[in-house]
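Sequential numbering of the sequence shown, starting at 17, is according to our numbering.
Note that these hints are calculated values from the structure, not bench results.
A few of these clues could be false.
Keeping only pairs whose Cα atoms sit at most 27 Å apart, straight-line, the calculated BS3-like set for lysine-lysine is [unchecked claim]: (1) Lys97 x Lys82; (2) Lys31 x Lys97; (3) Lys100 x Lys31; (4) Lys100 x Lys90; (5) Lys90 x Lys77; (6) Lys90 x Lys31.
Beta-carbon label-pair distances, calculated as ranges [claimed, not checked]: (7) Pro57 x Lys82: 32 to 42 Å; (8) Asp65 x Asp40: 37 to 47 Å; (9) Asn29 x Phe58: 15 to 25 Å; (10) Asn29 x Gly55: 41 to 51 Å; (11) Glu78 x His24: 16 to 26 Å; (12) Ala56 x His24: 16 to 26 Å; (13) His54 x Ala111: 34 to 44 Å.
Each residue gets a CB set at the ideal place from its N, CA and C atoms; glycine is no exception.
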Amino acid sequence: MNETMNLHEYYRNHKDAINASIMDIACDLAVGRLLNAHGAPFETFVEADDPDDPDGGTHYKEEYQKEYDTYYDKEYARVAKLMKFDYCQDDGVAASPEDTNT
17 MNETMNLHEY YRNHKDAINA SIMDIACDLA VGRLLNAHGA PFETFVEADD PDDPDGGTHY
77 KEEYQKEYDT YYDKEYARVA KLMKFDYCQD DGVAASPEDT NT
């Protein structure tokens, strides 16, 4: 990173990568919250996209999807706020610490 690059420039130049990283972190944190809330292993919450393809993808069971989504949204907002990041801003920098458009 250029020594004279400021936060606005860095966020503007790396906005998509920063957003992807926040999404990955929020996903992991949401899974952790789901596991802690139910005291059950991850496999409890997901099922195969195609039961005939054991190597295929998975998705959350209907009864857990909304709960996971809520945790994900809260964790994304929390991490974005800590980073003062707002994907909706042209430069990616939140206008205020509370403004993360989530």
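Which numbered hints fail: Numbers 7, 8, 9, 11, 12, in rising order.
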